[in-house]
Amino acid sequence: MNLRRFLSLPFFLALAASLLLASCTTPTSGPVSLYEVRQFADASARIGGYGELSRRYRDTYQREQPYLSPAADRIARENDARRRAVYDDFVGIQKSLVLYMQTLSLLAGEARYDLSTQLDDLGTGLKANAESGLQQRHIAAYTGLTRLLTRVIASGYQNRSVATMVRDGDADVQALLEAMITLTRLYAKTNENEKKTVLGIFDVEIPFSAKNQDRMLVTLAKVHYLNKATEYKLVDKRYDLALQGLAKVAQGHQRMRENLNNLTSDEMRKLLATYCRDLVALRDALSD
Amino acid sequence: MANESNPRQPGAAGAPAAAPPDVAPASAPALKPPAPAEALATAKQVEELADKLSACADSIHVRVMADIRRHNGGEVPEAEQAVARALLDAEIELRQRANRLYADAAACIVSSLGQSQQKLVQLTIDAAAKIRQITRISDGITLVARLLGLAAAAATGQVMPILAAVGALKLQLDTIALHNPAPSANPSANSSASPSAKPAADGAAPASDA
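Residue numbers (this note's numbering), protein chains in the order written: chain A, 135 to 422; chain B, 238 to 447.
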């Protein structure tokens with residue numbers, strides 16, 4: 135019993151050492167653990183803000199409706215229909231990006247999971263028509279990334295390395311992130327007009343009620359104004375945070391693309407760890 | 238609504254024959270269908286126009302608030318209240334028009350507004366500045382109405398109504414120039430959107446030289 139233990143310990147040590155060596159000498163092939171890549175991919179998959187702000191954009195009309203004149207309301211209803219028509223596609227981009235990052239994370243680790251059910255989600259694709267809300271090249275990027283994921287996931291990962299996936303996916307990942315950044319910027323601008331519509335009415339009407347007999351109404355209006363002003367102030371920050379996060383993911387992925395052959399170098403690991411920390415910090419700020 | 242959701246033939250963007258003389262030379266080369274790369278520029282241009290309309294709405298608000306503040310918290314006469322409310326309605330409508338263009342930029346539906354884009358943006362910049370400077374509020378109301386006309390036309394993505402609206406807005410700006418002899422050239426108190434206006438307009442310039 136004792137002897138067997140004695141024999142087996144060095145054996146395992148040797149095995150562990152050889153595994154370690156193997157993982158150092160063949161950084162980009164085989165099922166090596168790329169801890170930082172994995173962490174970065176996980177943080178990128180969980181990036182906050184975009185989904186929530188897409189919903190907020192879709193629901194703009196619900197919030198602004200009570201403040202609109204009949205003339206403005208007519209236009210607002212049309213805008214509402216337009217925003218709703220494209221919402222699914224805006225969310226679809228994010229879904230494909232998340233699945234890509236999840237797959238990358240699995241490739242960078244040793245464990246194997248079955249992601250094939252999530253492929254069904256992507257199957258329908260984006261509506262490639264005038265109302266899809268995306269430019270042709272964004273749709274092409276989406277299709278390209280979906281195809282890549284299908285290949286990688288369907289092959290059970292065996293024949294895919296992290297480096298190959300990053301190399302093949304980068305252009306599409308960048309295009310989709312750019313689309314998300316553009317959309318988030320447009321969300322923010324739309325929100326800015328909503329804010330100024332809602333608060334602007336009180337800017338004008340409260341002074342008009344200076345001599346109003348109905349003090350309670352004026353007081354309520356002031357309270358409402360304060361609440362709304364606070365709400366918009368908090369939301370404004372979220373657009374910034376979301377944009378920063380998207381930019382970080384784009385930068386991090388680009389750096390990996392530029393360093394395909396030294397993903398395990400100290401420098402690269404440190405860099406990815408920094409991106410990772412930043413992404414986690416942004417996510418924490420968004421969930422406050 | 239019907240014609241807006243309909244992706245138009247880019248060729249129709251030309252329509253140079255009916256253009257007012259001042260915009261005709263610029264809109265003439267627009268017959269070329271936009272290449273994929275230009276589609277992005279178009280989305281950016283649509284967004285830029287929406288930025289300018291938002292800035293005009295900001296100008297209206299600043300102007301209305303300045304008039305209200307002149308009463309130092311005292312009672313504002315009914316007639317002035319009515320004007321302020323009319324301008325506020327216009328401001329809000331303008332914001333809806335801007336949001337429509339943001340939605341269009343996201344959806345890239347509006348086909349090229351043609352080469353009059355630069356001119357259009359410049360006009361809205363002028364309008365935003367004028368709204369703050371005008372001495373006669375009645376000029377302001379007409380100007381805002383013309384601006385709304387332009388915003389509505391821009392939402393159709395159709396060149397003909399846009400050019401007509403551009404003409405009307407330009408005429409009103411000229412009229413105001415007569416009533417309000419040249420003030421200090423550039424009120425730096427403009428909204429944050431305005432400083433970016435110049436380089437952006439310059440960026441569009443090469444296209445109209447083509």
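A portion of the hints provided could be inaccurate.
Claimed, not checked - Within a straight-line C-alpha distance of at most 30 Å, the following computed BS3-like cross-link-like pairs (lysine-lysine) qualify:
1. A:K329 <-> A:K356
2. B:K407 <-> A:K229
3. A:K404 <-> B:K281
What the hints assert, rightly or not - Quick look at which bits of chain A chain B covers, simulated, 3 or more residues with Cβ under 8 Å:
4. 204-211
5. 325-334
In case anyone wonders, no lab produced these hints; they're calculated from the structure. For clarity, every value in this text was computed on a predicted model and none was experimentally measured. Note that CB positions come from ideal geometry on N, CA and C, so glycine has one too.
Comparing the hints with the structure gives:
Taking the CA atoms of A:K329 and A:K356, the gap is about 16 Å. The hint holds against a cut of 30 Å. Proposed proximity of B:K407 and A:K229 is contradicted: the alpha carbons are some 47 Å apart, above 30 Å. With a C-alpha separation of about 37 Å, the suggested pairing of A:K404 with B:K281 is violated against the 30 Å cut-off. Counting residues of the stretch 204-211 of chain A whose beta-carbon sits less than 8 Å from any beta-carbon of chain B gives 4, enough to reach three: the coverage restraint holds.
Restraint check on the stretch 325-334 of chain A versus chain B: 6 residues with Cβ-Cβ distances below 8 Å, three needed, restraint holds.
The structure fails hints 2 and 3 (numbered hints given earlier, in ascending order).
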